[in-house]
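*Asks:* Chains as they are written, first to last, in this note's numbering: chain A, 128 to 457; chain B, 128 to 457.
Be careful, since some hints might not be right.
Stated by the list, open to error - Here are the simulated SDA-like cross-link-like pairs (lysine to any residue), alpha carbons at most 25 Å apart as the crow flies:
{"no.": "1", "chain 1": "A", "residue 1": "Lys455", "chain 2": "A", "residue 2": "Ala411"}
{"no.": "2", "chain 1": "B", "residue 1": "Lys384", "chain 2": "B", "residue 2": "Glu440"}
{"no.": "3", "chain 1": "A", "residue 1": "Lys375", "chain 2": "B", "residue 2": "Gln395"}
{"no.": "4", "chain 1": "B", "residue 1": "Lys384", "chain 2": "A", "residue 2": "Asp173"}
{"no.": "5", "chain 1": "B", "residue 1": "Lys357", "chain 2": "A", "residue 2": "His261"}
{"no.": "6", "chain 1": "A", "residue 1": "Lys357", "chain 2": "B", "residue 2": "Thr288"}
{"no.": "7", "chain 1": "A", "residue 1": "Lys455", "chain 2": "B", "residue 2": "Gly224"}
{"no.": "8", "chain 1": "B", "residue 1": "Lys213", "chain 2": "B", "residue 2": "Pro232"}
{"no.": "9", "chain 1": "B", "residue 1": "Lys375", "chain 2": "A", "residue 2": "His433"}
{"no.": "10", "chain 1": "A", "residue 1": "Lys357", "chain 2": "B", "residue 2": "Gln395"}
{"no.": "11", "chain 1": "A", "residue 1": "Lys455", "chain 2": "B", "residue 2": "Glu199"}
{"no.": "12", "chain 1": "A", "residue 1": "Lys455", "chain 2": "A", "residue 2": "Ala443"}
{"no.": "13", "chain 1": "B", "residue 1": "Lys357", "chain 2": "A", "residue 2": "Asp264"}
{"no.": "14", "chain 1": "A", "residue 1": "Lys375", "chain 2": "B", "residue 2": "Gly224"}
{"no.": "15", "chain 1": "A", "residue 1": "Lys455", "chain 2": "A", "residue 2": "Ala269"}
{"no.": "16", "chain 1": "A", "residue 1": "Lys375", "chain 2": "A", "residue 2": "Leu348"}
{"no.": "17", "chain 1": "A", "residue 1": "Lys357", "chain 2": "A", "residue 2": "Ala411"}
{"no.": "18", "chain 1": "B", "residue 1": "Lys375", "chain 2": "A", "residue 2": "Asp162"}
{"no.": "19", "chain 1": "B", "residue 1": "Lys357", "chain 2": "A", "residue 2": "Glu440"}
{"no.": "20", "chain 1": "B", "residue 1": "Lys357", "chain 2": "A", "residue 2": "Ala200"}
{"no.": "21", "chain 1": "B", "residue 1": "Lys375", "chain 2": "A", "residue 2": "Tyr263"}
{"no.": "22", "chain 1": "A", "residue 1": "Lys176", "chain 2": "B", "residue 2": "Lys375"}
{"no.": "23", "chain 1": "A", "residue 1": "Lys357", "chain 2": "B", "residue 2": "His261"}
{"no.": "24", "chain 1": "B", "residue 1": "Lys384", "chain 2": "B", "residue 2": "Arg445"}
{"no.": "25", "chain 1": "A", "residue 1": "Lys455", "chain 2": "B", "residue 2": "Glu132"}
{"no.": "26", "chain 1": "B", "residue 1": "Lys357", "chain 2": "A", "residue 2": "Ala276"}
{"no.": "27", "chain 1": "A", "residue 1": "Lys384", "chain 2": "B", "residue 2": "Gln395"}
{"no.": "28", "chain 1": "A", "residue 1": "Lys455", "chain 2": "B", "residue 2": "His261"}
{"no.": "29", "chain 1": "A", "residue 1": "Lys455", "chain 2": "B", "residue 2": "Ala200"}
As the list claims (entries may be wrong) - Just so you have them, the derived chain B footprint on chain A, three or more residues with Cβ under 8 Å:
{"no.": "30", "stretch": "226-233"}
{"no.": "31", "stretch": "294-302"}
Simulated from the structure, these hints should not be mistaken for lab results. The beta-carbon is built from N, C-alpha and C at its ideal position, and this holds for glycine as well.
Each chain is listed here by its residues.
There are 2 protein chains.
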Amino acid sequence: MKTLEGAAIATGGTRRRITVSTLAEASFLADGGWDDILYAVPLTPDKMKDVMALHARLESFTVMVDHPAQVEALLGLLPGRVAPDKPLRVVVGVDCGYHRDGCDPTDPSSVELVRTLTRAQLTAMAGVYTHAGHSYDVPDVATVEAIAAAERDVIVGFAGTLRAAGLAVPSVGVGSTPTCSNPPAHLTGVDEMHPGNYMYYDATQLSLGSCTLDDIAVRVLTRVVGHYPKSNTLLIDCGWTGASAQGKESGYGCLPKTPELTIANLKQECGEVTSADGAPIDYARYPIGSFLEIAPYHSCASTHQHGHVHVLETAASREVSEVWRICKGW
Amino acid sequence: MKTLEGAAIATGGTRRRITVSTLAEASFLADGGWDDILYAVPLTPDKMKDVMALHARLESFTVMVDHPAQVEALLGLLPGRVAPDKPLRVVVGVDCGYHRDGCDPTDPSSVELVRTLTRAQLTAMAGVYTHAGHSYDVPDVATVEAIAAAERDVIVGFAGTLRAAGLAVPSVGVGSTPTCSNPPAHLTGVDEMHPGNYMYYDATQLSLGSCTLDDIAVRVLTRVVGHYPKSNTLLIDCGWTGASAQGKESGYGCLPKTPELTIANLKQECGEVTSADGAPIDYARYPIGSFLEIAPYHSCASTHQHGHVHVLETAASREVSEVWRICKGW
């Protein structure tokens, strides 16, 4: 979660129980009064200094592992750094079919990983965690729901295996914006969900059936700076530095107020817009200097290009009511 | 040019005669002592406040136009803002075949555009400018050179047309990193070149024949954070927030020190690396926590993801000798 204000909405004002993907975010949120933070990327020894600082200052800071080499390195570094009465909380990442990371829940070594963490004096086994990122590459909502059901079944099944082996599993977590937006029929056995993109949604989630156009809460605002009737294009002063280069194949998102237009290309500081259906552009409708609004292909990537989010009270407003700082770096 | 230190190298220490693509860059360079700055994006009325501030503080600040509507808006705004003894310098952008922007050099209205700027009391016609961006989408160096020759011929030809019409053309500019790296046989009639990417080069320029691997002066440093033999992948703690998502089709760049590896996927804060030839990865060579170096697909995009450049004295060094701040925003 890259803004304090967004994180406050996501946690219902509790300022607890939030997942991050960088240690910079963890510190940013801790500075903002958050606690109970999970850093959900496999932990390596080089990050121990920052991890120890967060462990010391927070009531609950949790890291993730998915491989014996990470656990071995971690257990070698903890003596002298962590007190036995405040062990380091560790969740185990599990692969539910995405195959990006996570231990293999069908491999006996994964049970041994949990056993090692459970037995070690200086770690507290905090739960199991999975992320169904493969829900982004599907043709329809039914497939998203099937992946969501499989995500649940894999992680709840693995928790059952661990419990049958006498190992405690305090928390079972699932999550990805598609599978949380179109969840399975039940979530029995699941304790928490940790999607992120749903805070803004975007054109990708719209196409996945995760949201409606009205649910997309972020826009990149740009201006028309040139007219080129010969190539049937407009030039805008937004390039990939403003909207990111993601979504090239599908127009870099959509233009909700001018759906007759589409982005043909984004360069560094400018972009080419053409008509969606190939018809000649009526240039009088888009004077030089006028605004166009982009609903991004990937809101995470577009907002990352900026240092701040300018918040409007209503979609029609041009008055900025709040400015949210975006956490940068690592 | 996004760093003062890079700009100092590019201008041979003169701190004059530099091209920018945002007004934020122009102010950043002006703050750093630069003068004679060209803002090479079509100018629209909304940017006049910043343009006037730069015009006032600099000896020479130049804007670009390529359409009569921009000129009309500009001429309407200048009275009272610009003194007749220091008119606003304006270059005319010309399309040399890229078809992103620039006026059509074969259209008589383009001559009229220059005539209007020449006759106006408050503007000084400063020259013609083109950018052969289509040199990025070519199969070989011979095609780059052909585009470079055409770029020259179009802009020098248009300057000739203007001069034949009695209009002064103080400067004739060309440029793109491919056409400047593989220039045509001669550049007669050309006064300046304005490439940018050549400062760092990258894997794209390598594939275009603009540079060698050793010429690529920028790396994104990342660490191995996970081993996944079942999918024959490594996880790295660099995602598109660290390297940009550009170049997905071709491995997001290359890994010069470990060419047997390739990036299969970049997610927000992590990436999947696999073997380049599909052979099983020898994981012992890439321990968890060890470094990998990425030579980016597009150095402009990768560096834009960061706030600073950490400069090493030599490629083998790990000691940071300088930290260059990157200009952000617009």
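*Asks:* Is Lys375(B) close enough to His433(A), meaning Cα to Cα at most 25 Å?
*Replies:* Cα-Cα ~22 Å, so holds.
*Asks:* Taking a Cβ-Cβ distance under 8 Å as contact, does the stretch 294-302 of chain A have three or more residues in contact with chain B?
*Replies:* Check failed, 0 qualifying residues.
*Asks:* Does Lys455(A) pair with Ala443(A) here, judged by a C-alpha cut-off of 25 Å?
*Replies:* Distance of about 29 Å is beyond 25 Å: violated.
*Asks:* Within 25 Å, alpha carbon to alpha carbon, are Lys375(A) and Gln395(B)?
*Replies:* holds, 17 Å
*Asks:* Take the C-alpha atoms of Lys176(A) and Lys375(B), compute the straight-line distance between them, and say whether it is at most 25 Å.
*Replies:* violated, 33 Å
*Asks:* For the pair we were handed, Lys357(B) and Ala276(A), check the Cα-Cα distance against 25 Å.
*Replies:* holds, 23 Å
*Asks:* Starting from Lys357(B), check that the Cα of Ala200(A) is at most 25 Å away, please.
*Replies:* It holds: about 22 Å lies between the C-alpha atoms, which stays within 25 Å.
*Asks:* For the pair we were handed, Lys375(A) and Leu348(A), check the Cα-Cα distance against 25 Å.
*Replies:* The hint holds at about 18 Å.
*Asks:* Hey, Lys357(B) versus Glu440(A), does the alpha-carbon distance stay inside 25 Å?
*Replies:* violated, 49 Å
*Asks:* Verify the proposed pairing of Lys375(B) with Tyr263(A), using a straight-line Cα cut of 25 Å.
*Replies:* holds, 16 Å
*Asks:* Does Ala411(A) lie within 25 Å of Lys455(A) when you go C-alpha to C-alpha?
*Replies:* Distance of about 40 Å is beyond 25 Å: violated.
*Asks:* Are the Cα positions of Lys455(A) and Gly224(B) separated by 25 Å at most?
*Replies:* Not satisfied, since the Cα-Cα distance of roughly 39 Å exceeds 25 Å.
When the structure is compared with the earlier hints, violations turn up for hints 1, 7, 8, 10, 11, 12, 15, 18, 19, 22, 27, 28, 29 and 31 and for no others.
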